Amino acid sequence: MADTKIKFTVNQGSTFKKKFLCKFGGEPLDLSDCIITFKAVPSPTGSNIVYGTDTSGITISGELGVFVLVIPKEATAYYTWSTAKFDIHVEFPDGEKIPLMAGTLKLNRRV
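Residue numbers for the sequence shown follow our numbering, so the first one is 818 and each next one is one higher.
If you are wondering where the hints come from, they were derived from the structure by calculation, not from laboratory data.
Keep in mind it's a predicted model, so treat the numbers as computed, not measured.
For each residue, glycine too, the CB sits at the ideal point set by N, CA and C.
One or more hints might be untrue.
[To be verified] Simulated restraints, written as ranges between beta carbons of each label pair:
{"id": "1", "residue 1": "Phe825", "residue 2": "Glu891", "range": "17 to 25 Å"}
{"id": "2", "residue 1": "Glu844", "residue 2": "Asn925", "range": "31 to 39 Å"}
{"id": "3", "residue 1": "Thr826", "residue 2": "Thr876", "range": "20 to 28 Å"}
{"id": "4", "residue 1": "Lys824", "residue 2": "Pro889", "range": "19 to 27 Å"}
{"id": "5", "residue 1": "Ser899", "residue 2": "Lys840", "range": "17 to 25 Å"}
{"id": "6", "residue 1": "Leu881", "residue 2": "Lys834", "range": "15 to 23 Å"}
{"id": "7", "residue 1": "Ala894", "residue 2": "Gly843", "range": "38 to 46 Å"}
[Stated by the list, open to error] Below 25 Å or equal to it, Euclidean Cα-Cα: the simulated SDA-like pairs (lysine to any residue) are:
{"id": "8", "residue 1": "Lys824", "residue 2": "Thr900"}
{"id": "9", "residue 1": "Lys923", "residue 2": "Leu881"}
{"id": "10", "residue 1": "Lys890", "residue 2": "Lys902"}
{"id": "11", "residue 1": "Lys856", "residue 2": "Met918"}
{"id": "12", "residue 1": "Lys836", "residue 2": "Val867"}
{"id": "13", "residue 1": "Lys902", "residue 2": "Ile875"}
{"id": "14", "residue 1": "Lys890", "residue 2": "Thr872"}
{"id": "15", "residue 1": "Lys835", "residue 2": "Ser899"}
{"id": "16", "residue 1": "Lys914", "residue 2": "Val887"}
{"id": "17", "residue 1": "Lys840", "residue 2": "Glu913"}
{"id": "18", "residue 1": "Lys822", "residue 2": "Gly863"}
{"id": "19", "residue 1": "Lys914", "residue 2": "Ser878"}
{"id": "20", "residue 1": "Lys840", "residue 2": "Glu880"}
{"id": "21", "residue 1": "Lys834", "residue 2": "Ser864"}
{"id": "22", "residue 1": "Lys834", "residue 2": "Thr897"}
{"id": "23", "residue 1": "Lys822", "residue 2": "Lys834"}
{"id": "24", "residue 1": "Lys822", "residue 2": "Thr854"}
{"id": "25", "residue 1": "Lys824", "residue 2": "Asp911"}
Generate the whole structure from the sequences, applying the supplied hints.
Encoded structure:
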C-alpha cells in the first residue's frame, strides 16, 4: 500500500463515517455500477479490515462522484491496533481498477 499524507482518526466504540468526492480532471467521476473497496492493514497486528460496495460499509450517493464509508461502532469497539495503513480502489464496470487514495488510520482508544 502506498503511503500518503491522508490521515483519519477512528474513535474506538464510535461509528466512523466519511463522505468522499471523487474527481478526475476537475469533474466528478460517474461511480454508477462501480465497485469501491476500502482495505486497512492494522499495525502491529490485527485482522485486515475490508469494506466495499459489493459487501457492506460503502454506499454510492445519489450525488455524482460521491460515496460514503461507514465503519459501525460495533466494529470499532473491538479494534485493538494503534494504526493501520489503508487504501481505497474503484473498479469500473469495464474491469478497470484504479487507486483513489491511501493513507493512515489512527485509533483513539477508550479509557
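Each hint, compared with the structure:
1. Separation of Phe825 from Glu891 is about 19 Å and conforms to the stated range, judged on CB atoms against 17 to 25 Å.
2. Checked against the given bound of 31 to 39 Å, the beta carbons of Glu844 and Asn925, roughly 36 Å apart, stay inside it.
3. A hinted range of 20 to 28 Å for the beta carbons of Thr826 and Thr876 is consistent with their spacing of about 22 Å.
4. As the Cβ distance of Lys824 to Pro889 is approximately 21 Å, the hint placing it in 19 to 27 Å holds.
5. Between Ser899 and Lys840, the C-beta spacing of about 32 Å breaks the proposed range 17 to 25 Å.
6. Under the hint 15 to 23 Å, the C-beta atoms of Leu881 and Lys834, about 20 Å apart, fit the expected range.
7. Here the CB-CB span from Ala894 to Gly843 is close to 40 Å, well matched to the stated 38 to 46 Å.
8. For a cut-off of 25 Å, the pair hint linking Lys824 to Thr900 stands: about 10 Å separates their Cα positions.
9. As the CA atoms of Lys923 and Leu881 are separated by approximately 29 Å, the hinted pair breaks the 25 Å bound.
10. About 20 Å separates the Cα atoms of Lys890 and Lys902, which keeps this hinted pair within 25 Å; it holds.
11. Taking the CA atoms of Lys856 and Met918, the gap is about 11 Å. The hint holds against a cut of 25 Å.
12. About 17 Å separates the Cα atoms of Lys836 and Val867, which keeps this hinted pair within 25 Å; it holds.
13. With a CA separation close to 18 Å, the supplied pair Lys902 and Ile875 stays within the 25 Å bound.
14. With a CA separation close to 18 Å, the supplied pair Lys890 and Thr872 stays within the 25 Å bound.
15. Using a Cα cut-off of 25 Å, the hinted pair Lys835 and Ser899 holds, with the two alpha carbons roughly 20 Å apart.
16. Of the pairs offered as hints, the one joining Lys914 and Val887 holds, with about 22 Å between alpha carbons and a cut-off of 25 Å not exceeded.
17. Distance check on the hinted pair: Lys840 and Glu913 sit about 16 Å apart at the alpha-carbon level, within 25 Å; holds.
18. For the suggested pair Lys822 and Gly863, the alpha carbons sit about 22 Å apart, so the restraint of at most 25 Å is met.
19. A threshold of 25 Å between alpha carbons decides the hint, and for Lys914 with Ser878 the separation of about 20 Å falls inside it, so the pair holds.
20. About 12 Å separates the Cα atoms of Lys840 and Glu880, which keeps this hinted pair within 25 Å; it holds.
21. Annotation: proposed proximity of Lys834 to Ser864 holds, straight-line Cα distance about 20 Å (limit 25 Å).
22. Taking the CA atoms of Lys834 and Thr897, the gap is near 19 Å; set against the 25 Å cutoff, the hint holds.
23. Distance hint between Lys822 and Lys834 is fulfilled; the C-alpha atoms sit about 19 Å from each other, no more than 25 Å.
24. Restraint check: the Cα-Cα separation between Lys822 and Thr854 comes to about 19 Å, which is no more than 25 Å; the hinted pair holds.
25. Among the hinted pairs, Lys824 with Asp911 is inconsistent with the structure: their alpha-carbon atoms are about 31 Å apart, more than 25 Å.
The structure shown violates the earlier hints numbered 5, 9, 25.
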